[in-house]
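Colleague: Throw the hints in and build the complete structure from the sequences for me.
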Amino acid sequence: MRSLTDAQTDVRIGLEIHFQLKGEKLFCRCPTEGKGNKLGSFWRKLRAVSGEVSSVDKAAVMEMEKEREFHYEITDNSCLVEFDEEPPHTPNGENIDAAIKASLLLNCKIVDALNFMRKIVIDGSNTSGFQRTAIVGINGYFEHGNKKIGISTVCLEEEASRKIDEKDNKIYYSLERLGIPLIEVSTSPDISSPKEAREVAKNLGMLIRRIGKIQRDVDSIRQDLNISINGGNRVEIKGVQSLSAIETVLENEIKRQKSLIDISQILKQRGLNQDDIRIEFIDIANEAIKWNSNIIRKGIEQGNKIFIFKLPKLKGLLKNGNYRLGKELADRLRVIGIGGMIHSDELPAYGINESIISWIRQILNLEENDAFGIIAIPESKSALVKNILEERVAQSLGGVPAETRAAIGDETRFMRPLPGSSRMYPETDIPLIIITKEMLEKNIKDLPKGVDETIKKLESLGIPKQEAMVSLDLGLDEIIEEIVKKYGNPTVASSFINRVRPKEKDKEKLNIIFNLLNQGKIPKEALDTLYQYPEKLEELITSSKQTPQLENRIREIVQARRELILERGENAFKPIMGEVMKEMRGKLEGQIISKIVRDEIDKIIHEK
Amino acid sequence: MSETIKFMSKVTLKWKGITVSGRYINEIGDFIIIKLDNGYNMSFKKDGIEIIEALEPDAQFENNNHKKVNGNKVGGVVIIGTGGTIASYVDYKTGAVKPLKNFQEALFNSEELETLGNIEDEILFNIFSEDMEPDHWIEMARKAYERMKEGKALVFAHGTDTMSFSASALSFMIENNHYPIIFTGSQRSSDRPSSDAYFNLKGAIKLAATSDLGDVSVVMHSDMSDDFLSIHKGVRVRKMHTSRRDAFKSINDIELGRIDSMLNIKLNDNYRKIKRENDMILYDKFEKMVSLIYYYPGIDKEIFYKQIDKSKGSIIAGTGLGHIKNEFVHYLSQYRDEKIIGVTSQCLYGSVNLNVYSTGRNMLSAGLIPLKDMLPETAYVKLGFLLGNFEFQRAKELLNTDMRGEISDRRTN
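Those protein sequence lines, which keep their order, are chains A and B.
The numbering of the first sequence is the numbering used here, which starts it at 1 and goes up by one.
The numbering of the second sequence is the numbering used here, which starts it at 1 and goes up by one.
Among the hints, erroneous ones may be present.
With the C-beta cut set under 8 angstroms, the calculated list includes, among others, these residues of chain A facing chain B [what the hints assert, rightly or not]:
hint	residue
1	Arg44
2	Leu46
3	Phe83
4	Glu86
5	Lys109
6	Val111
Worth flagging that the hints you see were computed from the coordinates, not collected in a lab.
Yeah, the Cβ is synthetic: ideal placement off N, Cα and C, and Gly gets one too.
Modeller: See the structure below:
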């Protein structure tokens with residue numbers, strides 16, 4: 001079979017990649033990483049305030065939000081700013097520096113001043129109802145092999161809350177992630193295949209990680225994609241979680257878009273006109289109660305009407321091979337909380353047999369190419385549902401509707417129409433932040449080395465080239481560099497770290513075991529065991545904390561008072577201990593210090 | 001530049017060797033602000049750009065936001081806009097905060113309004129909370145009196161900073177109001193999806209439209225969630241947080257009641273019921289030469305005396321049970337028959353008591369009036385109201401007499 005994504009389809013893909021920064025949150029002084037304690041909760045409702053979408057979409061949004069409650073779990077790294085109970089603080093300068101560096105690495109023009117904007121988002125993921133975002137760089141490019149991929153913008157923005165759960169009309173979020181700084185890199189739609197998209201995302205990620213301060217954990221980098229094919233419209237896909245998913249999601253999306261374009265051509269051949277698209281509902285609950293259909297009976301028991309309606313000229317296009325217009329309709333209804341509809345392409349099924357089908361076709365007066373739908377909904381929603389169905393059927397004449405979709409596994413699902421530019425307005429609580437010449441120069445001076453240079457730097461530390469490249473890919477080069485600089489053993493350290501892929505929290509553990517290795521206290525064969533079984537480490541941690549340098553320094557001080565010891569014997573302990581404590585207070589526990597001092601004094605006395 | 005380029009004109013400019021186009025917004029200092037097609041605003045340093053083209057703005061960018069929904073009908077509620085966060089909206093294009101022309105279109109769709117009753121609105125003035133003066137209180141009281149005569153209940157949309165002063169002022173200036181007078185505001189501006197304005201205003205309207213609540217009251221969020229609104233007696237409420245939704249707290253009294261998220265109202269039994277048998281009385285004068293003095297260790301004698309000397313009456317927020325330093329007490333005693341000097345506590349919670357320590361007893365013999373558990377701000381408003389509308393001796397007697405539930409001898413929490 002010919003691939004659907006081969007060269008004859010003109011595919012245009014753009015990427016939006018988000019990098020979380022470590023340290024402090026963007027608009028408050030909370031740490032980006034919490035200790036995981038939960039400190040209570042609160043709940044809110046949100047209202048759409050800026051209406052730039054069509055009336056049908058607006059109605060859908062309003063319908064949805066009327067009932068929705070957003071519950072927020074307070075974490076130990078959140079404060080009144082995240083609760084939307086205090087205005088944002090001035091953004092952290094380090095975060096601005098990181099965004100400037102990212103822009104410079106991508107050859108962007110840096111703005112003269114940052115204008116933070118409020119981007120309306122009413123899914124509850126931001127307690128304020130908007131996300132704060134500012135452009136830092138524009139008009140850049142990224143060299144991918146021999147190809148230049150345009151960089152349209154580099155933005156500095158705040159991360160949203162993490163969704164924990166969703167029950168009925170309640171959505172639960174944790175505030176842990178809210179407000180973490182994000183660098184968002186948006187490419188121009190210069191990418192021409194799913195494979196290339198994955199490669200660009202990977203290489204771009206490697207480059208941006210050069211800045212440092214970038215979170216490496218799996219869910220800390222998320223990609224949004226936008227894709228259009230010839231004859232279609234731009235579709236935005238949100239929340240692709242991994243590099244490998246980029247390729248499969250895009251392949252499936254291209255397949256979907258191609259089938260929608262085919263459907264539009266078929267509908268034109270069948271002579272469907274915009275004017276024919278009139279959805280009329282007929283309530284047949286009285287008849288349907290007699291059917292042997294559980295799904296229908298349940299709908300009636302819940303107090304719903306059972307409506308049947310004509311879907312003009314859609315027969316064989318709702319569910320038939322690649323044609324899945326039925327799913328498109330169902331996805332639209334899901335947004336207003338309607339579980340689904342039954343359509344004629346999937347019948348007979350659900351206890352609806354041939355005789356019922358022909359009865360319905362007769363009632364609706366259907367022609368050969370017409371399909372029909374059955375839906376169980378309350379009367380109050382019928383006008384809105386009709387509007388939504390009419391709109392989506394009408395859009396099928398135009399092929400691919402411009403919309404925002406969510407990545408769910410390898411597939412995508414309708415979320416909302418493409419947002420317009422008017423959902424942004426200025427964040428009035430934050431003044432203009434001027435990017436001074438000094439700020440620019442400082443960042444240019446501190447600009448990290450490119451990928452090639454970094455590999456050379458790692459090699460100069462004795463790390464094998466192969467391991468250096470792997471570490472860059474995994475984003476582990478910083479930690480390898482740190483460990484090797486502190487404790488040597490470049491070959492062992494790089495291959496070990498690349499293999500175990502430590503998380504941020506594992507850093508301390510790594511420091512301890514490589515310190516022990518360096519001191520010759522453990523063989524390199526023990527690294528794995530110690531890394532895997534931290535309980536064994538505990539014993540070693542306590543002893544390893546009395547670092548030999550400190551111990552030696554204490555002995556030095558004691559040795560310097562040799563005369564006093566020879567003169568006073570054990571009575572010299574008190575004055576010497578006082579002297580040692582002056583230097584060692586806070587570095588080691590008093591008990592340990594006193595033991596070393598005593599041992600050392602004893603040694604001197606006994607030498608005598 | 002702004003002379004020649006109009007708001008929302010399409011502009012094309014050269015900057016750092018590239019061409020940028022967007023719509024002209026405004027200028028801030030050395031910067032010109034352009035809205036790009038993707039919605040972002042970008043700032044350009046004026047001396048670093050060259051404007052290539054600036055077209056006339058399209059007609060569609062004229063502002064036509066607000067229109068009136070309901071007309072003038074008998075009965076129902078009037079929302080009176082006085083300013084502050086709740087009565088302003090953010091212009092989505094410039095980010096500038098502008099006064100609302102009316103509330104209905106801005107905050108509600110008409111369907112929601114219909115369920116709450118017959119609503120009309122009126123903008124009385126549009127000033128920040130901190131710019132409110134006694135003259136504004138007088139104007140508000142007159143307006144309330146006039147609209148109540150027409151059979152309307154009132155909701156005042158007010159800035160939050162001095163809302164408790166205004167609520168106290170109207171409590172005193174109108175005796176025996178025939179309809180509810182409710183103050184509300186918002187701590188988060190109404191341009192935000194998360195704004196507290198909707199719930200606060202809806203609750204206030206429902207309370208004004210349906211209850212027999214006689215106390216001039218403040219309705220604001222009870223906590224960080226959107227689950228309850230608290231109803232506070234105007235003379236007992238204070239803003240206790242700079243930014244939280246639940247900044248308003250009843251002090252030395254329990255709340256008058258709560259309103260839940262479905263707008264069900266539950267009133268406690270400590271509220272005054274409206275009685276229309278008696279006439280409403282408007283007291284629309286206020287003595288401005290009244291001061292509120294915060295005592296603190298180290299306060300300079302000259303500074304302290306000057307304020308007392310200049311004022312016809314003063315409220316002192318003293319330490320603890322209401323004390324000021326002994327040295328000052330003797331000086332104040334000379335004004336025994338000339339000025340009214342009331343004593344409240346900067347503790348806010350609890351009652352003043354000048355019988356416990358000798359300092360307090362000296363203060364009493366100097367003619368200072370202990371104002372029990374009255375809030376300092378309420379006492380200040382009350383004193384200005386009394387000196388404006390009553391003779392000296394009567395004013396003095398009334399200052400520590402309960403008039404509107406502002407003072408009490410009994411506290412249960």
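Colleague: If a hint holds in the structure, say so; if it does not, say that too.
Modeller: Tested hints:
1. Satisfaction of the interface hint for Arg44(A) is found here, the shortest Cβ-Cβ separation to chain B being roughly 5 angstroms, below the 8 angstroms cut-off.
2. Evaluation of the Leu46(A) hint against chain B yields a held restraint, the C-beta minimum of about 4 angstroms falling below 8 angstroms.
3. Because the smallest distance between the Cβ of Phe83(A) and any Cβ of chain B comes to about 6 angstroms, under 8 angstroms, the interface hint for this residue holds.
4. Satisfaction of the interface hint for Glu86(A) is found here, the shortest Cβ-Cβ separation to chain B being roughly 5 angstroms, below the 8 angstroms cut-off.
5. This hint holds: Lys109(A) has a C-beta 5 angstroms from the nearest C-beta of chain B, less than the 8 angstroms allowed.
6. Because the closest C-beta pair between Val111(A) and chain B is about 6 angstroms apart, less than 8 angstroms, the hint holds.
The structure agrees with every numbered hint stated previously.
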